[in-house]
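Novice: Assemble the whole structure, with the sequences as input and the hints as a guide.
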Amino acid sequence: MSPRPCPRCVTTHLLLLAIRVARPGWIIPCVRKRQSIHGEVQSRAVVQSLLLIWIPLQLRAASLTGVSFRCCECLRCCGRRDPRPRTVWLGHPEKRDQRYPRNVINNQKYNFFTFLPGVLFNQFKYFFNLYFLLLACSQFVVEMRLGALYTYWVPLGFVLAVTVIREAAEELRCYTRDKEVNSQIYSKLTARGTVKVKSSNIQVGDLIIVEKNQRVPADMIFLRTSEKNGSCFLRTDQLDGETDWKLRLPVTCTQRLPTASDLLQIRSYVYAEEPNIDIHNFVGTFTREDSDPPVNESLSIENTLWASTVIASGTVVGVVLYTGRELRSVMNTSNPRSKIGLFDLEVNCLTKILFGALVVVSLVMVALQHFAGRWYLQIIRFLLLFSNIIPISLRVNLDMGKIVYSWVIRRDSKIPGTVVRSSTIPEQLGRISYLLTDKTGTLTQNEMVFKRLHLGTVAYGLDSMDEVQSHIFSIYTQQPQEPPATKGLSVATKVRRTMSSRVHEAVRAIALCHNVTPVYESNGVTDQAEAERHYEDSCRVYQASSPDEVALVQWTESVGLTLVGRDQSSVQLRSPGGHILNFTILQIFPFTYESKRMGIIVRDESSGEITFYMKGADVVMAGIVQYNDWLEEECGNMAREGLRVLVVAKKSLTEEQYQDFEARYVQAKLSVHDRSLKVATVIESLEMEMELLCLTGVEDQLQTDVRPTLETLRNAGIKVWMLTGDKLETATCTAKNAHLVTRTQDIHIFRLVTNRGEAHLELNAFRRKHDCALVISGDSLEVCLKYYECEFMELACQCPAVVCCRCAPTQKAQIVRLLQERTGRLTCAVGDGGNDVSMIQEADCGVGVEGKEGKQASLAADFSITQFKHLGRLLMVHGRNSYKRSAALSQFVIHRSLCISTMQAVFSSVFYFASVPLYQGFLIIGYSTIYTMFPVFSLVLDKDVKSEVAMLYPELYKDLLKGRPLSYKTFLIWVLISIYQGSIIMYGALLLFESEFVHIVAISFTSLILTELLMVALTIQTWHWLMIVAELLSLSCYIASLVFLHEFIDVYFIATLSFLWKVTVITLVSCLPLYVLKYLRRRFSPPSYSKLTS
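Numbered according to the numbering used here, the sequence shown spans residues 10 to 1103.
No lab work stands behind these hints, which were simulated from the structure alone.
Be a bit skeptical, because a hint or two may be false.
[To be verified] SDA-like mimics (lysine to any residue), calculated; alpha carbons at most 25 angstroms apart, straight line:
hint	residue 1	residue 2
1	K118	K207
2	K605	G645
3	K207	R383
4	K978	A366
5	K104	R175
6	K188	N210
Specialist: Written out as structure tokens, the structure is:
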């Protein structure tokens, strides 16, 4: 399909044509075929007609066909073009075949030029603010002016100033964080030697040196390492959420070079695929042209160093492939968006209703005048006269309230370290229906502890590990010179072994079957070389691709069998007596998600015996080991305790058996077609009738108080989904251990599906389950969402809990987005790693946990906490209070404005529908500011129950999910109250005034102020000392200001007894009935929380 023009290209073509209009000869670039149409144009009208027809047709065709815009090859106006494969020459960034983006990280929403227009657009795209802007602008027209300009522009300017300052502060923080990352210094290999370069100045083709524990600055191909074993470990928790260290291998050709500087002396390049979001796969080739013959090596994911990962061992050298927006980590991160709270949208909707009422009242007033004279100007004047129906102070009060809520959250001593990074959405915390949480580092501590060794007839827990240690000591002290538990034993021996030999066989299998490498570091007393030579325990650190593996090896060390050395071909163990046991590694079969097991074939150097050890998940090992009657039962028991269970088995091989296997294995690895299938078949020929040695149980320790926190959230009506990049078995164990899935609930593990038919069958099977937790992998989830999105989301939303494992970062964000679209409910995402950023930014409310995986999620989140347990208080207490307080505040501000607007309507009606303001100048501004602002705003300190009660009864939170504190019902009640009070005050003043109009102003305005102060007292549920101060301060300000308001109020009249009794009567008639109704309601229909406060 032919490419379509992008808008910028079309604009450029339009300009070119416009320039050529006056010329006798002209050219129209044809985007479809890149041809040129030449002709003669005699009239300017002909060209204009062509422009009006050709360009819209091109754009319409592109939009109808759904084709993505592409740049015209002839113009190249856009910097972003479709990604293509690339050839990258080592150390020569100037030899590039295309333009590449700068290696800059940018998390800002605006830049210098778009900040002010962007902020203003985000403010005025909402009806509320746009209305006040038009209102203020109308006062420049003399016929429409009703008062001083400052009465309209000062409140609007204050609102905009607060918003701009807040947005500027947040953008400045983002800019500072991005600058810190972009300014990190790295070493670059050049012809002049090693030079220092900033991360932002790194280019495609540069040779970058990355030290241990340093972040990889760009996507690179691994060329060299300082490690003797020719490999390095990579921490990828900021990329995929897995704490497992990944083993990476350098390009063989470049690793063999004598020094790193020789990389610049060879003529070589890397051919790489186009940039994409897949962090688990890579396709490319390495070619060295100056050797004879030329060297070609295939490159895979094992040869890559993705950005945002951290080097865990040694110093590495890599060539940069992708930078900037083409990084895998950036492509897996969604752009930050400005979050607008649901509460703000609801308030915006209410203002539209008020605007409708404003228009209706204005039309009625003009209609009652029979549309006489210049009636259209009268409509506009009435619109301005009743403009107080929509209170401009509402936005100011709500924004200041959000600042107070944020300050209260930060000051809460029970959730120390909590940071509010987005102060615009605290009310969202009070209406969360779905909580989506990461597992690793969020629910768990990333600390694995060995808990159980089960041999079938006996099990050893933490309290009986000393017995295991004594068995190991007894074996090695009885036979110090001979390999223990092997002498005289053959495959066919059917004698009953002692318990010590059984324990020893199990421990040795655990100590050998893994991918752990011991690394020795200087501790200040012993240098690295000496520590490695003498196997110093104090200098040894274990590195592995899984924390489970490290936990197992550390346990074998604690019981007496220590892993002291390992390279690509051998393993060294140290016995309790200090003897070194040497084993040669013949083959390794690494763990994969598909196989769910790993194996290793080793030869004991002292005896020559060859043994095949294997460990894996019980679901696959059950069919591999010899028949037994205890495996399934004990695995189930340990899994119910929340332990990660591994089944360990072995098989002894003769030399002939191994040689036969090796020949078939090598031949299978050389196959071009169906290589993986043939290799798996050969390995499976060994995996039969293996001897079951033991079961191991490892626990990933949960964060403090995770279980009670999840239970609190469940009781509050919040459904919890766990989205993790970890393995299915691990995720399921953690869900059970954390009581995300209760003991009474069944678990439906959604089997792996690859096509529409399989997904349909599995969904039907799942549909028959009731009150069942769902566990599904990312691959199956992708298939289901592709073909049965509606059906799957409908079933998943009915589950009490959902666990999604092997989730990519973009999948996490997709799930959040689907929940929002399908349910219309608010979502909250919690995570601690870089892979959680997309999910956090997509959710209505993002919470980052500062943990071992860094602060990337914390910095990108709306709220940052230090522990998962703090989430309960953040939602149950602060979220609930913020929402209820803002609901009360907004409705009371609306009531305050409707009261004075009702009085204006009554006044105009009585005086022949004249568009004359009742109150002018300072009275209007003072009414909504110094006279009533402090008492009304003090509602942000109100609370219906104590925080301890809110935590003890999370069911109170469930009431908020229905949105009752701010609904059409409560809004209508406040409208009726406002109409009643405004009418009583105005009619009362008209009936009781004596001779002068100024007396009407004095009586009605004073009654209005007193009514508002009494209504605040009526609304408050828990008094705070600041509320009393606010009431007294406002009343004092009004009384004191009467001296200066002689222009509007008769000072001598307000000092008379007549004024006092009239104001008292009007105020009592307007407020007393409401007090009686409130008492009767609390007496006969009390709210749910009233029983808890008594």
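Novice: If a hint holds in the structure, say so; if it does not, say that too.
Specialist: Hints, one by one, checked against the model:
1. With a C-alpha separation of about 23 angstroms, the suggested pairing of K118 with K207 holds against the 25 angstroms cut-off.
2. Simply put, K605 and G645 have alpha-carbon atoms about 17 angstroms apart, close enough for the 25 angstroms limit, and the pair holds.
3. Between K207 and R383 the alpha-carbon distance is near 69 angstroms, which puts this suggested pair outside the 25 angstroms criterion.
4. For the suggested pair K978 and A366, the alpha carbons sit about 17 angstroms apart, so the restraint of at most 25 angstroms is met.
5. Between K104 and R175 the CA atoms are separated by roughly 46 angstroms; this puts the pair beyond 25 angstroms, and the hint is violated.
6. Between K188 and N210, the direct Cα distance comes to roughly 12 angstroms. Compliance with the 25 angstroms bound is thereby established for this hinted pair.
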